[in-house]
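Student: Residue numbers (this note's numbering), protein chains in the order written: chain A, -5 to 458; chain B, 53 to 166; chain C, 18 to 273.
Hint data in this document are derived by calculation from the structure and do not stem from the laboratory. Be careful, since some hints might not be right.
Here are a few chain A residues that sit away from chain C, every Cβ distance over 10 Å (derived from the structure) [to be verified]: (1) Asp208; (2) Thr336; (3) Arg356.
Each computed DSS-like pair below joins lysine-lysine, with the alpha-carbon atoms no more than 27 Å apart [said to hold, decoys possible]: (4) Lys271(C) to Lys14(A); (5) Lys90(C) to Lys109(B); (6) Lys198(C) to Lys271(C); (7) Lys271(C) to Lys193(C).
Where a beta carbon is used, it is the ideal one built from N, C-alpha and C, also for glycine.
So the chains spell out like this:
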Amino acid sequence: MMVLLIVLPLIFAFLAAIKKSFSYPLLVTSTVVNVIIVLLLKTSVPSVHVLGGWKPPFGINLVLDDASYYAVLIANIVFFLVALFKETVGKYSTVLMVMLAAVNGFVLTGDLFNSFVFLEILTATGVILASKRENYYNAFKYLVLGSLAGSMYLLATIFTYTQVGSLNMAHASYFAISEKAIVVITILYLVGLGVEAKLFPLNGWVSGVYGGNDLSPLVMATAVSFAALYMMGRLFLTVFGGYALHILYVLALITIVAGELAALYQKNLLKTLAYSSIAQAGIVLAAISKSTEKMVSLAYFHLTNDVIAKFVLFLVATFLVYNYKNLNGVFKKHKVLGTAFTISSMSLIGFPLFAGFQSKLRMLMEMFKTSDYLFPAVLLFATVIELTYLVRWNVKLWFEDIEDESEVKGPALRATISIILAILLVGIFLAPNIILNPTTKVAKALLDSTSYINNVIASSMGGM
Amino acid sequence: MVFWISAILIGIGVYGLLTQKNLFKQLISLSIIDTAVNIFIIAVGYVDNGKAPIYSKAVPKFMEGAFVDPLPQALVLTAIVIGVGVLALGASLLVKVKEKHSSIDVENMKGVGE
Amino acid sequence: MRRFYAILIAAALVYMLISFISTVPSYGKADLKERVSDAFLSKSVNAQNAKAWLEGKAIHRQPAKEIYGKKVKEEGSANVVTSIVVNYRSFDTLGEVTVLFTAALGVSLILGGSRRKQYGREANFVLKTSTGILVPLIIMFGAYIFVHGHLTPGGGFPGGTIIAMASLLLYLSDEKFFLSKASTGALEGSMGGTYVIIGLLGLAIGGYFLYNFLPNGVVGNLVSAGIVPLVYVAIGLKVGAELSGLVTDLHSEKEG
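Make the full structure from the sequences, and use the hints.
Tutor: Structural data, given as structure tokens:
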């Protein structure tokens, strides 16, 4: 039952508040249970759960279709992997459980105000995670921006209520809102979600939060980022299809250029990866804004590759940065970590033999077919810059003379997981359809407003 | 009109967020924006001569135009609580920023690398 | 220069909002027939035809009918806002409870401490005596507000806050007072768990999460509206414990 995905981590979090010493075992239990439920839910796609029995649009409903299933699958698997690292998680198990419930709720919900509440929970838990390792000032900057975004999102939701009469996404999708109103609503949603989706100029918080400690980028650059970009697709394609897409396109292109250039000049490994995340989010948003089935499918394909690669990169980078003062030549001591790191960075650049090649090449080919030359130009420019700084980092970490002689025990769990995910990236290159088939279904589900509305209405006729 | 007051307050809050150097004043600007949005939400639901949506001996019947809109009031209940939670988190972070950087004014903070 | 850009951005935002305001019905002229609230006020959600509304027909308008003092099959609370918050849109309230839980959790992780911060000030006689008189009254008042949440304005959140203010008064009047995190944490967690368990019971009995499985009774009685008073009592105690824990964190410091 999809509502259990949201409710079980919550009740485990409340139980952890009763007895603090149980919080880590409860975290592991809840992530394992969630992954099992997600795998069991595969057969009930598409379905709608009506909360309390009150029919939509009067009550709140949860929607599980191909798009939300894919997002929920990736998010829960990422949380499961993060939960395996006990020393990284530290005292933050309860926060992670609440964040897991919030990510599932944000993705599954079919009600605009409900998604606002879950967005605020995501912001609050993100701020708490960002404050690990005394990273208070950056966490504060994220709090201010995230709270502003929440207020804009709430304002847009209320504007929709005055036009449509209810708060339901299917209803808002069906109703013909007047031109003047819908422009304002979509711009406010763009600002509201743009902070979480790392859009220019609202992404000033990313380098401080991703680069500040060892836990927040593992969760936020992967699962939360995927949920936010899924929601961008949901709101701007299914619900308010066709508006503000040009603004999104232009801002996304600027995001790519600004992110890559900022990454080029960074001397700190975690901040470099943070800026690279910004640029990748820009690529995904530019592809979503094209709103054709092929481009949206490739956008989520690219996002999946990015999530896997960033997970490995951050896993390795956070280990290195917090154990060694000087990173020169450090991979000579940790060969497995180094191989995984290199494979993931090659995938990010788009070298043949790694997953990123498939996604970038297909996007370029699709764009050339539709004679849009601006996006390919920006994409190739971004790739060249990525090549420069990622190869520079790899050379520094593999081939420079070792300056820091401290001996740190090799982390077995980290190495195992990174190398498995890196091999997965190679596997995706060889057989891209294992990801392309699900993402094509995602694109179909996001672009097909009619079947979304029909699913929700069917549940309202058959229910109480 | 109430809607105009709300819009102007949002503008003041955003201006404050963009220009204030003191971190606590940024938190206050955030609070102003939250309050302005809540005012707007309640104002959207007002019906002339409508009473509070509670059935009692004085108002036992459901009639057209008897009550104001209850849904925005329920939304504001949630929005106020969320604003309080965010403010609490922000204030506790500021306590720690002051301890670590010896000032909560962006120009006087020590030890903030960029 | 920076101020100029800030004024420009703020002015652009205000202009955009004002241009939208012209499409909203003017202040006081809201037509509830076009919104979901009409069904909430007349307690007739189950009788509505959502498909017809989507196709453009107005909501099935109920004729004027007596609600106070009658047995209404669908929903039993006299306070319509409570019926929305705890019954029709109860999932939002679960999210709200989680936000407060997260905020209190965050403050305790960021500012955590294990003993009372001593300021070296002694509260004066007036504060100490009046605290002794006021604290029981405040707690009783808070409890009254959340127990009667379905009959009068208020409910779990204001009621819980008032109870937490009683603990703040105790902190201000006595330098030795300290609520242990274990007790507030236990109350908070168990009440939160109660809310979710009520929801899961609804799932098991009715097939929908947070289904109202208790009888609705007569609108206006204290014992009415099914699970609504139970949920509000749980929320009131949870918020009271949570905010007391938050006040504790603000008054504590680390050991040594």
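Student: With reference to the structure, classify each hint as holding or not holding.
Tutor: Taking the hints in turn, this is what the structure says about them:
| no. | hint | result |
| --- | --- | --- |
| 1 | Asp208 | holds, 16 Å |
| 2 | Thr336 | holds, 36 Å |
| 3 | Arg356 | holds, 38 Å |
| 4 | Lys271(C) to Lys14(A) | holds, 18 Å |
| 5 | Lys90(C) to Lys109(B) | holds, 20 Å |
| 6 | Lys198(C) to Lys271(C) | holds, 13 Å |
| 7 | Lys271(C) to Lys193(C) | holds, 16 Å |
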